[in-house]
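There are 4 protein chains.
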Amino acid sequence: MTTIKDPIHGYVKLDDMARDLADTQEMQRLRWIKQLGLANLVYPGANHTRFEHSLGAYHLSGLLARHLELDEDDATDIRAAALLHDVGHGPLSHVTEKVLSGFLREEHENVSDRLKRGELGDALADYGLKPHRIQRLIRGETPLGQMVSGEVDVDRMDYLTRDAHYTGVAYGVIDYQRLMETMTMRDGHIALEEGGVHAAESLLVSRLLMYPTVYFHHVSRIAQKMLDVGVRVMVEEGADPRKIRDMDDTELVAAMISSGGYPGEIIGRIRSRHLFKRAVYVGRDRLESPGMIDRGREGRIAEEIAEVAGIEPLYVLVDKPELPRIAEGNMAIIGEDGEKKPLREVSPLVTIMESAHFAAWRLGVYTTEENRERVKKAAMRHLKVRRNPVQHTFEDI
Amino acid sequence: MTTIKDPIHGYVKLDDMARDLADTQEMQRLRWIKQLGLANLVYPGANHTRFEHSLGAYHLSGLLARHLELDEDDATDIRAAALLHDVGHGPLSHVTEKVLSGFLREEHENVSDRLKRGELGDALADYGLKPHRIQRLIRGETPLGQMVSGEVDVDRMDYLTRDAHYTGVAYGVIDYQRLMETMTMRDGHIALEEGGVHAAESLLVSRLLMYPTVYFHHVSRIAQKMLDVGVRVMVEEGADPRKIRDMDDTELVAAMISSGGYPGEIIGRIRSRHLFKRAVYVGRDRLESPGMIDRGREGRIAEEIAEVAGIEPLYVLVDKPELPRIAEGNMAIIGEDGEKKPLREVSPLVTIMESAHFAAWRLGVYTTEENRERVKKAAMRHLKVRRNPVQHTFEDI
Amino acid sequence: MTTIKDPIHGYVKLDDMARDLADTQEMQRLRWIKQLGLANLVYPGANHTRFEHSLGAYHLSGLLARHLELDEDDATDIRAAALLHDVGHGPLSHVTEKVLSGFLREEHENVSDRLKRGELGDALADYGLKPHRIQRLIRGETPLGQMVSGEVDVDRMDYLTRDAHYTGVAYGVIDYQRLMETMTMRDGHIALEEGGVHAAESLLVSRLLMYPTVYFHHVSRIAQKMLDVGVRVMVEEGADPRKIRDMDDTELVAAMISSGGYPGEIIGRIRSRHLFKRAVYVGRDRLESPGMIDRGREGRIAEEIAEVAGIEPLYVLVDKPELPRIAEGNMAIIGEDGEKKPLREVSPLVTIMESAHFAAWRLGVYTTEENRERVKKAAMRHLKVRRNPVQHTFEDI
Amino acid sequence: MTTIKDPIHGYVKLDDMARDLADTQEMQRLRWIKQLGLANLVYPGANHTRFEHSLGAYHLSGLLARHLELDEDDATDIRAAALLHDVGHGPLSHVTEKVLSGFLREEHENVSDRLKRGELGDALADYGLKPHRIQRLIRGETPLGQMVSGEVDVDRMDYLTRDAHYTGVAYGVIDYQRLMETMTMRDGHIALEEGGVHAAESLLVSRLLMYPTVYFHHVSRIAQKMLDVGVRVMVEEGADPRKIRDMDDTELVAAMISSGGYPGEIIGRIRSRHLFKRAVYVGRDRLESPGMIDRGREGRIAEEIAEVAGIEPLYVLVDKPELPRIAEGNMAIIGEDGEKKPLREVSPLVTIMESAHFAAWRLGVYTTEENRERVKKAAMRHLKVRRNPVQHTFEDI
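Chains as they are written, first to last, in the working numbering: chain A, 3 to 399; chain B, 3 to 399; chain C, 3 to 399; chain D, 3 to 399.
Bound-form chain A, shown alone (with noise of 0.2 Å):
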């Protein structure tokens, strides 16, 4: 047994298997990833990793698979898919997610290539672990998968968590004992007994309250936006996206910099927090038509901005921040009388969940501090955004 120590859980117990997988050099490379990206412009405590949150997740799926009693195969695969969930994250994490998955037609949670070589591939091998199923239950596609990928998962409990404990930002702090103690197998599937519905209530809460204030701070999304057209750039400029996805964030910040030029400028402005500012920054109850926008690609729509305010096209940049794909409060819940209802028909919190996020999105338009208020005037008109909100029926949404 290998013993680390962490500042969530205290010590994190590594068995043989668990072990040799992390000593590999693809879960290594996880020590040197950022799990919040660019977030320490905003936090400077947000310097966590990949790495700690894999054994952190990898901590609670054992925990898990044990309280579940699920047989020895079984909780294997879980506690391996646990370890190694984010070992095909890019560099910065998410922040580099978007633009290389547009390169190369993929997602981070598709790490088959990485399960079947190298010495990762070697060690799973060792003890006998299927790449292939591994990558079906980080991808959450098998029922026990939602343990690692799911509503109420284990990557879930152990990043708001930690990401509270680094920011700062309490709102992250959740009961995930009691979310553990209260999930149950039924038909196969997890599900979660009544007594666990307020801990779940409050783990959608915390991260619906980390969006804002962490994961969309306007801080780090232009930072992020920032980044994400200077590897747009580097790309189109030749380098393999391939190379920049296996990079860690070191080697992604090092090769900015010798790559001069646009990525040198921006990876130089990041460093030293000369940042972008923001021109537009409004919600969707702003936009006189949000469909036209929705359907615009963010650079098609940053060209035109600035081709209007008479500047530099790579100048003005757009974010049309995502929103969250899944729609909550599916979670099977088991009432007293053994009955199953989803989450959202028992908590009334859930079923506001999806409107929430949307109330928190935000168009933003960035530029550079001098061109700030010509960009401003020319977004308003191009984007059509009203002075006062706009009441949409739900149709244009």
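Each hint should be verified, as a subset may be incorrect.
Any copy, or any two copies together, can satisfy a pair, since identical chains are not distinguished.
Under the rule of at most 25 Å between Cα atoms (straight-line distance), these lysine-lysine pairs were calculated in the DSS-like manner [to be verified]:
| id | residue 1 | residue 2 |
| --- | --- | --- |
| 1 | Lys-378 | Lys-279 |
| 2 | Lys-322 | Lys-378 |
| 3 | Lys-15 | Lys-279 |
| 4 | Lys-386 | Lys-343 |
| 5 | Lys-379 | Lys-322 |
Simulated from the structure, these hints should not be mistaken for lab results.
Fit chains B, C and D to the known structure of chain A by using the hints.
Chains B, C and D in isolation, oriented as in the chain A frame:
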């Protein structure tokens, strides 16, 4: 300056006024009154007192007064009101409130008596503080009183954080620093800058989740209800409700022991944790005609059930928790454009508070272990409890 | 499994045995006995009880037994002993211990009576647990008993952490997880691997610093001494010390109130925090002949001073705190070479413990505010207190 | 006022001066320099930076200046010095300090260059702050400088607490609030009231225990030593040490990668955590003639061992940690009688610090896994390491 170590706020500094107020018999009494009444029967750590909570509220009120740049007189009044806001509590905090207010026709916020007489009256006079003004602040009747008794007040900020610390329930962790940072005066009233909306949401959700988990946990509801009826009997047998109101926890327990009879049995059961059990425990959606129950008095309904079940009246207890009285969401939010809006227009989460509190409401019928089945049958019939949820139109409610 | 929320350990799980033991009247009584006696007069948050501490010690003993891979019988005995180790405490924990043990000639670790009779005796019999064995474990008389009552035991691990949480004093934060991880069995005795030495040092230093800061804080010493004499008078006036020993805090307070006279005055002063004050408070280096004082009984010395000062005897109290009985540093440390050494040979810090405890020792003479000066003069003369430190040779000590 | 969320202090408020200083390139650079160098290889959470530590020290210095009622000019200087005290650090904090100071003949506290030029020089000039004065405060050369660089200073208060938060090691939890509350000015120097002695002891013991557990943990010592030699080689091969000193962590890693050769191999090993192993790791009491080793240079001794073992010189590393330079215990304590004494006379614990630091000292010889046994044999002979402890007289030391 007197400095007191507090596990929540680190050190609380009392100026001369606060020290002299805190040193009075009326305030020292709060050292021996538990903040959460009998909740320690469920959460063994919940032994904290009204005294430390009062110090905490005082501490926060001082920080808030400084942030709001109140003039010296207002600041002094507010700090005194925060320190004294719970001086009117009867023994075991809320547990005895209902029964005593029934007999005394007043509530614990009515503290004018205590503010005018005794050591406390003298101490207030020494510092030229007006009992009438303090009383109005404590009741939240003036605009500044919202700091002590409002939607987002120092009372709530302190007790949520404190109750979380002592029970170990995570939900109470809130960002009171941010709340205070974003509070502002607008047109003579307390308002919140937009940047504090998520912190306010977090406070309101915390409170919402603390209700079913801690404040209305069924075990402490049962113990409370038992004590409520025990005290009622004691008064009906001749005890002076005014004297009971002035007791602390120790004195009440001692009085019930030496009273013997039903009150003596009840306190014996509580102290050895041989509590009544739930015969019925259902939400409104299981009641065929909730309105009928809303209109009846608890004691009357209990007697009727006892008669049907054929057991002694005082061994059936009916518990209809009161729903939070005030609609949340009225606090003024100051947008970036300087416009004022009520919190509920800005926050989808807040709109759902009322129905969420509603969903957590339970009607309880409690009795001794051995009578459980008989009482259950009788109560189900008498109260027209349905096996399956009934859909009520809003008028029923 | 019954699960109880604890602010220190998260959730404590009780198996059937533990639940049945905890449900007895003897254990439920500990819910109403404060862990730190009257320390809440200094640290308003220090209202935690022997009950939750007992649950905590039980929880840690289970983890430790599993780590040490004890056989099932030993593990069960240890867990029972940890749960029950404080069942013999009189009201207000250590406060009444001295006076009661004087009258009863026994200490709180002597719990054989309580283990053989009543609900607790029955519950132990139900699970085939031998009172005699449990008693020996509680007193630390067998090698395994060191887990419950030794130099680095679950009792200390829990109370230091718990006292820190409730008082807010940081010194009690220790790494009990590491301590348990590095504990091992060697030749039938508990030993510590070298990797745990710093954690053990930290525990011992924590305890050292908690003494003057919390356990021996002069205000709670004064209140304790007052109560000690109040109870002594009550017994001398006819109260049965055996009955007092069986009371909880509430009952003792009620008994003192209804006793009236000196005990009634004392408890009134404590409850309104009108305490005696320090007339003299000095370390050994200020005493001309400390040996003389060591030999005298506190009550006798107090009477002599009162006579000199010309005031009533019971209004002068003399307080000579006992120094920790057992020399620290005997725990066996297993070096990397497998050799055993006592902790004190490995740790310079530990060698200093005794003299550090010594340096914190204070002789106190307490009296009412108005008699302070007179008593001070009388005591300084009578006890031969020097203005400047006196160097004592070790023989004096 | 700019407000920054910090997980340790809640919110840190920057006035205009502090904000403008923090916004300079020189200070932003500290965002990318890890506080604990390579300790994240042992404690995966230890990714915090010099930047947040600088904000923390600034925050505490402001509180302390207010408590001490410094005049406005002194307070401003102290706050600037606290904010800037680490601006001279090279990449990876202490890791590169030794090698760079060897080449540059200066230490990181020598920041006069950085304070006079560039954005930082301009910002200081804007606020009329004198580089010379700031530099002297940072080096603790003036009485007030003890607040920033002394025995009980804001630097230590912040880093112990912060390192504990991020590593999860409990020992760093100290009571900095009490320390600051009990600090006072006496004869123009910082002193401590007697009531703060235990808090000071706690800080010094915390630091003592953090050394072997975190700062001198053998795994991070190995990684540090490897990097130290890697950088040394890079300089010997022509890299400019002055340029290296100005890099941040990212730039140093990138430089080592692109340097290739030995430095490239070393950084590759560190990044994939394929570290050298301990061939020898012993305290002074295992050395026959410690003085001989004290006198030799690490590099020279390593070459000798490598020669004996017959392997390439750079694959044997010798590590002789420096003992803390300054004797502790000189801080002035103000007794209740108003007299001044050095801390070590009041505190037995402090007298033991030096020998306790001594006891934790280890001589390390590191090499690759495959050469471990050969190097062990060679080193044991060459360094005259004994199997059993040798008693040294104090002169040997």
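Consistency of the hints with the structure:
no., hint, in the structure
1, Lys-378 with Lys-279, "within (11 Å within a copy, 59 Å between copies)"
2, Lys-322 with Lys-378, "within (16 Å within a copy, 57 Å between copies)"
3, Lys-15 with Lys-279, "between (45 Å within a copy, 22 Å between copies)"
4, Lys-386 with Lys-343, "between (43 Å within a copy, 24 Å between copies)"
5, Lys-379 with Lys-322, "within (19 Å within a copy, 59 Å between copies)"
This entry satisfies every hint, going by the numbered hints stated previously.
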